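Using the sequences and the hints given, assemble the complete structure.
Numbering-wise (numbering that gives the first Met the number 0), the sequence shown opens with residue 0 and increments by one.
Simulated from the structure, these hints should not be mistaken for laboratory data.
Some clues are possibly wrong.
What the hints assert, rightly or not - Now the in silico label distances, taken between C-beta atoms and shown as ranges:
id : residue 1 : residue 2 : range
1  : G21       : G134      : 15 to 25 Å
2  : G116      : P38       : 25 to 35 Å
3  : A122      : F6        : 52 to 62 Å
4  : G64       : W138      : 17 to 27 Å
5  : G64       : G134      : 23 to 33 Å
6  : G3        : G120      : 33 to 43 Å
7  : K51       : G21       : 15 to 25 Å
Computed from a predicted model, the values in this text were never measured in an experiment.
For glycine and all other residues, C-beta sits at the position ideal for the given N, C-alpha and C.
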Amino acid sequence: MMDGPYFVLTVLGVLGTGLVAGAFCAFSTFVMRGLAALPPAQGVAAMQAVNKAAVRAPFMLVFLGSALLCAAIAVVALVAGPDAGAAWPLAGSALYLLGGFGVTVIANVPRNDALAGLAPGTAEADAYWTGYVRGWTRWNHVRTVASAGAAVAYALALT
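Written out as C-alpha cells, the structure is:
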C-alpha cells in the first residue's frame, strides 16, 4: 500500500482523470447527438461556442492539471520501481497521457480549429459538419475510455 505524497498524488489522479472521463462521456453519450440533430448551421455555431468555453480555467485546470499529475505519478512510479507496485500507476499515466491528453491534441483539437475557421451557414461549414461530428465523436470515445481506464488503474494502485 502506498502512502504519503505518492498516495495523495494517486488519489488526485483518480479524481482528475475521473472528472475528465465524465466530461468526455457526456459529449460521447448525448451532447454530440444533440448537436448533430440540429440543422448544420446551428450545430456548427453551438460547437464553436462550446469549444471557446472549454478553453477557460475551470475545464483546463482539470484537463491540464490531470496531465501534469499523471506525468508526476509516472515519474514517482518509475523512481520507486517495480517492487513498489508501479504497474497500475504507470498504466494509468500512459492511458491518460496518450489516450486522453494525446488524442485531444492530435485528433480533436485540429478538428476544432478547422471548425472555428468556418462561418456557420456556409456551404463549406455544412459540408464539413457531418464528417466533423462523426470523426470528433469517434476520437472522443477513445478519450473517454482511456481517461476512465486511467481512473480505474489509479484506483487499483491504491489497493
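Each hint tested on the structure:
no.: 1; hint: G21 with G134: 15 to 25 Å; in the structure: 22 Å, holds
no.: 2; hint: G116 with P38: 25 to 35 Å; in the structure: 20 Å, violated
no.: 3; hint: A122 with F6: 52 to 62 Å; in the structure: 56 Å, holds
no.: 4; hint: G64 with W138: 17 to 27 Å; in the structure: 22 Å, holds
no.: 5; hint: G64 with G134: 23 to 33 Å; in the structure: 27 Å, holds
no.: 6; hint: G3 with G120: 33 to 43 Å; in the structure: 57 Å, violated
no.: 7; hint: K51 with G21: 15 to 25 Å; in the structure: 21 Å, holds
Going down the numbered hints, you'll see the structure goes against 2 and 6, while the others check out.
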